[in-house]
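The whole structure should be built from the sequences, with the hints applied where relevant.
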Amino acid sequence: MEILGDLWLGVQTAFSFWNLTYCLLGVFLGTAIGVLPGLGPTATVAMLLPVTFGLSPETAIIMLAGIFYGAQYGGSTTAILVNLPGESSSVVTAIDGYQMARQGQAGKALATAAIGSFIAGSIATVLIAFFAPLLSSVALAFGPHEYFALMVLGLAASVVLASGSLLHAVGMILFGLILGLIGTDVQTGAMRFTFGSFELADGISFVVVAMGVFGLGEILSNLENEADRTTVLTKVTGLMPTRADLRAMLAPVGRGTALGSVLGILPGGGAMLSSFASYALEKKVSKTPQQFGKGALAGVAGPEAANNAGAQTSFIPMLTLGIPSNPVMALMIGALIMQGIQPGPSVIQDQPVLFWGLIVSMWVGNLMLLVLNLPLIGIWVKMISIPYGYLFPCIVAFCLIGVFSLANSTFDIWLMGLFGVAGYILRKLDCEPAPLLLGFVLGPMLEEHLRRAMLVSRGDVTSFFTSPISAVLLLVAALLIASVLAPAIRAKREEAFQDED
Amino acid sequence: MQGHRTKDFWAGAIYLALGLATVILARDLTLGSAARMGPGYFPTVLGGLLAVIGAVSLLRGLLRPGELVGRIHLKPMILVIGATLFFALALDALGLAVALPAAMFIAATASKRFRLAPVPLLGLVGFTIFCVLVFVRGLDVPLPMFGTLFGG
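Chains as they are written, first to last, in our numbering: chain A, 1 to 501; chain B, 1 to 152.
For the record, the hints were derived by calculation from the structure and aren't laboratory data. All figures in this text were calculated on a predicted structure; none of them were measured in a lab. Mixed in with the good hints, there may be bad ones.
With a Cα cut of at most 30 angstroms, we get these calculated DSSO-like pairs of lysine-lysine [claimed, not checked]:
1) B:75 to A:428
2) B:112 to B:75
3) A:283 to A:294
4) B:112 to A:428
5) A:294 to A:284
6) A:294 to A:382
7) B:112 to A:382
What follows is the structure in structure tokens.
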């Protein structure tokens with residue numbers, strides 16, 4: 001059993017004193033910031049990213065992963081207690097979770113979310129341990145054609161799964177791809193779109209884009225409707241679920257985990273789709289569907305499990321193929337590259353300590369969340385009740401310092417301001433920023449593989465279809481796009497995203 | 001005709017402009033051939049596609065009734081973005097210990113509930129000290145603590 005030896009390596013890494021400390025710190029900070037209304041996992045990870053620059057690669061990625069699931073968990077807490085979901089994935093949790101809280105069952109809803117997330121996270125972690133090495137051994141045989149096709153598939157999936165207009169999602173991807181090309185062309189050394197600026201020669205850092213669009217842009221949107229916080233609960237009781245509650249949540253959690261694990265792997269998909277799908281499924285199989293929307297336990301347990309499972313398994317394509325399935329994974333890729341590690345199929349072999357350490361730490365981090373969050377709920381409630389007027393200047397401050405620390409230059413701050421305005425305007429036009437970030441990260445890779453593929457096949461486009469793997473991937477991408485254009489499915493998709501508003 | 005005020009119209013106009021700008025800027029770069037793509041090839045293709053998407057969206061906005069663009073709130077935008085630009089400009093001269101609270105103060109005025117009160121001001125001082133300690137002392141970010149104006 002080779003995997004046992006690998007896991008043992010992971011245990012040794014994850015349980016080293018500093019890694020445990022940084023994992024705990026990541027989970028804690030992630031929850032603390034994720035719990036703040038209006039801050040989703042993407043903004044949280046982007047904001048805290050610079051903190052990890054000085055750490056060793058495995059410690060940095062362990063901490064970032066901790067921040068990610070901490071933020072996601074914090075978002076659910078806010079969704080349940082004040083009906084203010086931070087990111088679209090916890091929108092579903094807010095539907096029934098907030099109703100439970102209003103009926104005085106806040107403790108039960110929080111416990112359900114925590115336990116559901118923990119179970120799902122644990123199962124998904126095992127899945128990663130088994131499937132990531134398999135996938136990466138397949139991917140080792142990939143040439144430029146296959147990689148190009150895979151990225152096209154990823155981008156196609158992110159178009160399909162983005163809520164809102166398809167046309168705008170495609171536009172945002174293209175815009176992101178173009179932004180990603182700014183800087184020196186790796187193959188010829190030509191300067192592209194730098195306007196003679198020396199600072200742009202290395203390209204724009206993805207952190208600048210993420211902080212501008214997700215950090216500042218979000219602040220500007222939030223400032224538009226600074227609503228009064230509706231009655232924040234000061235006391236949360238009944239955190240210990242009864243035996244009957246546990247039994248009731250078991251099946252929804254199981255189904256949610258299965259759904260989330262599969263959807264999380266899909267490039268472009270991930271957390272949001274899985275929680276929506278799980279909610280729909282639970283409503284369908286429930287004996288009391290009329291309970292949904294009025295505080296159904298299954299309506300919290302299923303989507304929370306799905307959401308967390310999807311968050312975990314989205315690490316699989318990131319680690320094995322180097323392809324982000326959501327904006328947070330795009331940030332992770334950027335962080336790894338900054339640490340000098342190119343994510344891809346060779347990571348498992350070249351960086352076993354990082355890979356297996358991360359996997360074991362995911363489970364440890366989920367356990368920490370469960371143990372930490374329920375007793376600390378009082379602190380989180382206090383954090384939620386901080387008025388936004390105090391909060392956002394602090395977010396601005398973190399963005400300023402974080403962006404400065406990237407290259408120790410104020411030029412990046414100017415750029416961030418520009419992206420902040422762009423993010424706000426694009427949001428006003430219903431153009432979702434997530435595909436932009438995916439395109440931005442994938443742009444240079446997509447171009448490189450395309451150029452190499454065309455060089456190898458002497459400019460013959462049909463070579464993409466004569467390689468069986470790339471042909472299948474491109475076919476799936478085409479089917480995905482075609483399926484959304486088909487009127488029947490289009491109606492269903494619009495229906496699925498309707499609850500969001 | 002409400003066409004020119006819909007989200008589709010404006011998003012399309014932005015995409016079209018960006019796409020065309022990309023294509024025009026890429027004209028200075030070597031295009032190359034399909035087999036040996038130059039630095040200009042991929043950007044030209046992407047810019048062209050973006051322009052097409054933009055044109056379609058723009059036409060759709062003109063022809064089909066759609067959602068109108070909500071009001072752009074200028075005041076928060078000017079204040080928050082202004083605060084970041086102020087920080088970028090003033091950092092060298094004022095240093096983190098002065099530029100940061102000043103930038104935060106400017107940003108804070110963007111809130112509708114902004115009022116001068118002792119508690120938030122104290123909080124601002126505390127937060128600045130926290131940032132100086134964590135980032136300059138703890139994480140060694142080479143930020144000037146006090147700027148050239150104060151002889152730092």
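Checking each numbered hint in turn, tell me which of them this model violates, lowest number first.
Nothing - there is no hint that the structure violates, so all of them hold.
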